[in-house]
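Chains A, B, C, D, E and F are the protein sequences, given in the same order. Numbered according to the numbering used here, the first sequence spans residues 1 to 240. Numbered according to the numbering used here, the second sequence spans residues 1001 to 1240. Numbered according to the numbering used here, the third sequence spans residues 2001 to 2240. Numbered according to the numbering used here, the fourth sequence spans residues 3001 to 3240. Numbered according to the numbering used here, the fifth sequence spans residues 4001 to 4240. Numbered according to the numbering used here, the sixth sequence spans residues 5001 to 5240.
Since the hints were derived computationally from the structure, they do not count as laboratory data. Yeah, the Cβ is synthetic: ideal placement off N, Cα and C, and Gly gets one too. Some hints here could point you the wrong way.
Label pairs and their in silico Cβ distance ranges [what the hints assert, rightly or not]: (1) E:Ala-4071 / C:Thr-2197: 42 to 48 angstroms; (2) B:Leu-1167 / C:Gln-2021: 33 to 39 angstroms; (3) B:Gln-1068 / C:Pro-2200: 37 to 43 angstroms; (4) F:Lys-5176 / A:Val-24: 50 to 56 angstroms; (5) C:Gln-2021 / A:Ala-198: 40 to 46 angstroms; (6) C:Pro-2200 / E:Asp-4171: 53 to 59 angstroms; (7) E:Thr-4197 / A:Arg-64: 56 to 62 angstroms; (8) D:Pro-3033 / A:Thr-236: 40 to 46 angstroms; (9) B:Gln-1021 / F:Glu-5174: 54 to 60 angstroms; (10) C:Gly-2155 / B:Glu-1022: 49 to 55 angstroms; (11) A:Arg-13 / B:Asp-1159: 45 to 51 angstroms; (12) C:Thr-2197 / A:Pro-200: 48 to 54 angstroms.
In silico lysine-lysine, DSSO-like type, Cα no more than 27 angstroms apart, as pairs [stated by the list, open to error]: (13) B:Lys-1176 / F:Lys-5176; (14) C:Lys-2176 / A:Lys-176; (15) B:Lys-1176 / D:Lys-3176; (16) E:Lys-4176 / C:Lys-2176; (17) E:Lys-4176 / A:Lys-176; (18) A:Lys-31 / B:Lys-1176; (19) D:Lys-3031 / E:Lys-4176; (20) D:Lys-3176 / F:Lys-5176; (21) F:Lys-5176 / C:Lys-2031.
6 protein chains.
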Amino acid sequence: MRTVLVIQPVVMRAWEAGDGQELVRYLDRVKGPTTVVETVAITLGPASIETFYDEALALPGILRAVEQHGADCDAVVINCFADPGIVAVRQIVEVPVVGAAEASMALALQLGHRFAVVSTGESAGPWIELQARAMGVESRLAGAVGIAIPVLGLGTDPDETARALILAANDLIETKGANVIVLGCTGMAPVAEVVRTALPVPVVEPMAAALKTAEILAELGLRHARSGLYVPPDKTKFID
Amino acid sequence: MRTVLVIQPVVMRAWEAGDGQELVRYLDRVKGPTTVVETVAITLGPASIETFYDEALALPGILRAVEQHGADCDAVVINCFADPGIVAVRQIVEVPVVGAAEASMALALQLGHRFAVVSTGESAGPWIELQARAMGVESRLAGAVGIAIPVLGLGTDPDETARALILAANDLIETKGANVIVLGCTGMAPVAEVVRTALPVPVVEPMAAALKTAEILAELGLRHARSGLYVPPDKTKFID
Amino acid sequence: MRTVLVIQPVVMRAWEAGDGQELVRYLDRVKGPTTVVETVAITLGPASIETFYDEALALPGILRAVEQHGADCDAVVINCFADPGIVAVRQIVEVPVVGAAEASMALALQLGHRFAVVSTGESAGPWIELQARAMGVESRLAGAVGIAIPVLGLGTDPDETARALILAANDLIETKGANVIVLGCTGMAPVAEVVRTALPVPVVEPMAAALKTAEILAELGLRHARSGLYVPPDKTKFID
Amino acid sequence: MRTVLVIQPVVMRAWEAGDGQELVRYLDRVKGPTTVVETVAITLGPASIETFYDEALALPGILRAVEQHGADCDAVVINCFADPGIVAVRQIVEVPVVGAAEASMALALQLGHRFAVVSTGESAGPWIELQARAMGVESRLAGAVGIAIPVLGLGTDPDETARALILAANDLIETKGANVIVLGCTGMAPVAEVVRTALPVPVVEPMAAALKTAEILAELGLRHARSGLYVPPDKTKFID
Amino acid sequence: MRTVLVIQPVVMRAWEAGDGQELVRYLDRVKGPTTVVETVAITLGPASIETFYDEALALPGILRAVEQHGADCDAVVINCFADPGIVAVRQIVEVPVVGAAEASMALALQLGHRFAVVSTGESAGPWIELQARAMGVESRLAGAVGIAIPVLGLGTDPDETARALILAANDLIETKGANVIVLGCTGMAPVAEVVRTALPVPVVEPMAAALKTAEILAELGLRHARSGLYVPPDKTKFID
Amino acid sequence: MRTVLVIQPVVMRAWEAGDGQELVRYLDRVKGPTTVVETVAITLGPASIETFYDEALALPGILRAVEQHGADCDAVVINCFADPGIVAVRQIVEVPVVGAAEASMALALQLGHRFAVVSTGESAGPWIELQARAMGVESRLAGAVGIAIPVLGLGTDPDETARALILAANDLIETKGANVIVLGCTGMAPVAEVVRTALPVPVVEPMAAALKTAEILAELGLRHARSGLYVPPDKTKFID
């Protein structure tokens, strides 16, 4: 049995009542038979991450969650397309740390000539361009855009969400030559199947991509070096 | 149950007597519990792929093997770091096609700041640079070199092979800043564990990386678009 | 006198009856006064190269043709914009080896700020982007597209072929800022003059570009190094 | 009169006793005659920023400091070479926001063919490479390294600090062709003059570079667009 | 007091009568309180620089002007967006040399995700792309275009000039995702304020950007290395 | 018969007595049988081009020489590795304009995986890097260095010149992986054969490369577009 710790880097008000349950059910369907998924959400921070500001306020909670729950897991998944804190988390754990964006883009590289990302919000396009540059895959990115529905509204009218994603994706396919579509938000998992059915190209759902990548890194015994970029921090110098 | 067709793109003289058996045993250890691995080697072509010339002569055999054996599988793996014929195979099948180099480099991107590849032969360094450029990840490649032991000699003295790989890898770590090492030949699987133990950074073994990536692409229902680069060929125009 | 061996990497059914003669006449018009052009077509393989699949099946024939006919020539030209087997051929001969795409793009770099390529078929655009990246000139490529007429149909209605090329070229000039057009198929030579007359920018015909480049490399005594990427293969390990 | 708010993104224990005073005196020497410098340090977080982990824990404090003190200033400077929170701060203010790294690299581009950065710690080299890539100036970066003295030890033995910086800088000049040196930590200001005198190339001290850049952006009335990457966050969705 | 020598690299027929006065008044408004601006125009050469031909004929005059007037200044500004002679001038002076394009682009990098340049004339777009590549910031350039009004006509109908600039800028903002506009000609200073007011993104006026950058380089004691690219020429080998 | 106008962009004091004769004899050996080479040197300017300052002072003479002698030629060659004025000359003539560096690098791209340039002087390395970037081939450049012998001293002791070039080239081959060497000065033609014999990789002599490229562009009827970057200048606005 292998345990993957999935960090939900946002405060989920409705966690116990429902949203968290839906997340857990989705991960259960996606995970391999020998994987145990443990999910933890931060308790202080934003309800969604759509700007660098949101991300900044989520980071201490992510690190605290990893420090509290990461001791015995075999891999960590940061469940947000911003990959918030991915380098910082690698600096404090010995197990592989997988981001939704990195994992999705790594698979997309193997599925088509150019991929595009459809996310939400005005900030998403340039932000994802920065992510692709940081990962060194910017020449494979056909484009990135955000639909006008905010993260917390994605579930309000799933049909409308799917329609908006399909419209944006088809535009990237036709005008930018994209032949892979990556969904740029892990909150889009509920509509991924509808979008996939409607589009003529493969569609990568990032939460599943990250979980499966975490599983195979754990199985292969692969984890980042603890030197260079990922050298452990000196935790004695924090002051409060 | 999912079937992964592993194409061995070289002629294996000793297939029945032993080499093929070792390959099968390795894949059996690596594969997931619900995966069936079917292995097929080409019967006409080079005994190893170390130059573009070798690769060119292997390609028709690879395509024939896929055409004969690829009908009912769920994914295809090309079991050679040259990823020979990977685009051509994608043009003739509907299932995901995974190359050892692409899969290894995609995982390496998630394990460190810069990766390096240790392969065999004088041609390997520039060839792998071309592969990294084709994949669009050249800015993450710290370097690529070949050791002086040819592919068919890698098993002659495994200790010597491991020593040479460790020496070359440590040089790339120290002088080029590599913090992930990718083994640049699927024939290095037998010594991968020894090399991994000796090095201070993660070591990606490409055959396992490719098989596990094929498994998750199949599980996620992800396959390349059949448009653009992967449009099906017109098979009526071949003449003999 | 200098001999340039032109490899026709496709099976030409109508070789003796006509197509081959037209090719020979074109090369005769283009060649320098002291050049002897020797032309050889492969006898087993595709009738045209429009996909990686086609190319893969042409490669053994190309290598065989070079091995049989390349002994006494002063340069080799691979007469197809895919530059099929160009590296493999360099690994087995001592004389300069020129590809239609490489030669055309090298001249295009000296004729304008950005060049575009007009080829045939759906696969052409991304394929040519990969070629430009492999050559390291992707920042100079304004775009690449294929017209809807397949290679073997280019000669059916030359006026229609020219019209389609001119239309595609003007679009690349106006929307992508191309100021050089490269014809992306050596089968377009018969309509090159018509296209050139119609366009406001220079038009590079790749067969002529390759032949003239082969001539000057031979005259300058320039041939590739036989080390690194072009190290000779070990021919003893081929098995049939 | 123009006010520049300088955010010290680390907790300064000795603020009142001395370190803060030294910082204020330095900024006073560097600032223009009509500039008022207002300095504020965060009160909860790391004592220095040397890893992504440190940075993550500093971010909420930086944003809070800007929200509390940024109302009436004409520009904001983030006084750390990691440029922590620079995008997030731009999302919440209307005035120009200047980072020490961005400002230093922007000036370095105008002073030599290639610049190199000398910072502190093992993580610094790859981190600064990521910063240069994010800024799009990676082709101008000759190299980046960290000396072995941690940030909080830079002032312990200034002579030793200067010696280590000069040694590292000369190595980058000689082996990497750097002809501009950027000091990669604002805590190096006290030894900048000694280093500058010892080196044969220009030396950019980042705190001064950032302050002067903030002054001229304010004078020129230049501030970032509040659209795209810098769109304002929805502050109602934070939960505690 | 610091003296900045502003080289006007074009022949200004109307210098004494008016154009030069307007230039002087603008620089006086922009400069800092302790800066003395000394302006000198070349006396032999083009009346404006819109092509490489124009620039070539301006260069000897620029160098002569620097040699005659550059002895006691603290910084040199080349007052033209082509940055004519900027490297050559650095080879002959010890003080910082600032170009209008370099200074503008360096500031634009700090103001938005992608900048675009609006200049004049058909040649401007590709020329500015070459400048951005030479500076290594091409990945940040959204686009560059020239309006149809020539440099010497920019002042004929300032309203029409502003209208054309605003139209071109809005197109770059909407179709290319630019979120900073750089005016690509120092002759556009008189209409900069009108353009700035009309656009939803920051607008960089290059003459002011260059003067302010010269001031801060001088104040920071930063000047280019006199080695490598900027090694002094051997002036004894000029023959006339 | 085709006429190639070779512009010697330096003042050759000893033109009539000898240097010019040697140049003419070399070009005569290299040119094709139907080519007429017409050579013209500038009469006012530097004796050699080793810095941007030198180049700037050579430009008006180059343009004047083209204007006076370029009327009836079929191609223009600028005979200096700096390619001085190459864009400006294209703006004023209708025939192909070939630079020694562009032509050499275009051929080098077809001869090996990475090329290196060996030139003269301290400025050469970064200058050639800028040239490779401007041409968009920087990823193929292994390195560029200058030997310590100045241009005007290359002929003083040809054996010593050859020795220095061979030493520098071998270093680039061994430490940078170069497998093509480009001589970075047209004044190195007299020692090119000695250097070529001594090195294990192809050696491109730029004067011959440029002349042969000019011949084939003329034969193929290829000339640059007169739009975009190469739009003709307005010659009425020059003032003296």
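Against the structure, the hints:
1. About 58 angstroms separates the C-beta atoms of Ala-4071 of chain E and Thr-2197 of chain C, a value inconsistent with the hinted range of 42 to 48 angstroms.
2. At roughly 59 angstroms, the beta-carbon separation of Leu-1167 of chain B and Gln-2021 of chain C lies outside the given 33 to 39 angstroms, and the hint is violated.
3. Taking 37 to 43 angstroms as the suggested C-beta distance range, the pair Gln-1068 of chain B and Pro-2200 of chain C does not conform, at roughly 52 angstroms.
4. Separated by about 54 angstroms at the C-beta atoms, Lys-5176 of chain F and Val-24 of chain A satisfy the suggested range of 50 to 56 angstroms.
5. A beta carbon spacing of about 52 angstroms between Gln-2021 of chain C and Ala-198 of chain A contradicts the range 40 to 46 angstroms that was offered as a hint.
6. Hint check: Pro-2200 of chain C to Asp-4171 of chain E, Cβ distance near 23 angstroms, so the stated range 53 to 59 angstroms is violated.
7. Here the CB-CB span from Thr-4197 of chain E to Arg-64 of chain A is close to 47 angstroms, at odds with the stated 56 to 62 angstroms.
8. Distance hint check for Pro-3033 of chain D and Thr-236 of chain A: the Cβ-Cβ separation is about 42 angstroms, which falls inside the suggested range of 40 to 46 angstroms.
9. For Gln-1021 of chain B paired with Glu-5174 of chain F, a C-beta distance near 43 angstroms fails the hint of 54 to 60 angstroms.
10. Roughly 53 angstroms separates the CB atoms of Gly-2155 of chain C and Glu-1022 of chain B, a value that falls within the hinted 49 to 55 angstroms.
11. Checked against the given bound of 45 to 51 angstroms, the beta carbons of Arg-13 of chain A and Asp-1159 of chain B, roughly 60 angstroms apart, lie outside it.
12. At about 39 angstroms, the CB distance of Thr-2197 of chain C to Pro-200 of chain A disagrees with the hint of 48 to 54 angstroms.
13. Using a Cα cut-off of 27 angstroms, the hinted pair Lys-1176 of chain B and Lys-5176 of chain F holds, with the two alpha carbons roughly 12 angstroms apart.
14. Using a Cα cut-off of 27 angstroms, the hinted pair Lys-2176 of chain C and Lys-176 of chain A holds, with the two alpha carbons roughly 12 angstroms apart.
15. For the proposed pair Lys-1176 of chain B and Lys-3176 of chain D, the alpha carbon gap of about 13 angstroms is at most 27 angstroms, so the pair holds.
16. Simply put, Lys-4176 of chain E and Lys-2176 of chain C have alpha-carbon atoms about 12 angstroms apart, close enough for the 27 angstroms limit, and the pair holds.
17. Straight-line distance between C-alpha atoms of Lys-4176 of chain E and Lys-176 of chain A comes to about 12 angstroms, which keeps the hinted pair within the 27 angstroms bound.
18. Restraint check for Lys-31 of chain A and Lys-1176 of chain B: the C-alpha separation of about 37 angstroms exceeds 27 angstroms, so the hint is violated.
19. For the hint pairing Lys-3031 of chain D with Lys-4176 of chain E, the CA-to-CA distance comes to about 37 angstroms; that exceeds 27 angstroms, so the pair is violated.
20. Between Lys-3176 of chain D and Lys-5176 of chain F, the direct Cα distance comes to roughly 13 angstroms. Compliance with the 27 angstroms bound is thereby established for this hinted pair.
21. Taking the CA atoms of Lys-5176 of chain F and Lys-2031 of chain C, the gap is about 37 angstroms. The hint is violated against a cut of 27 angstroms.
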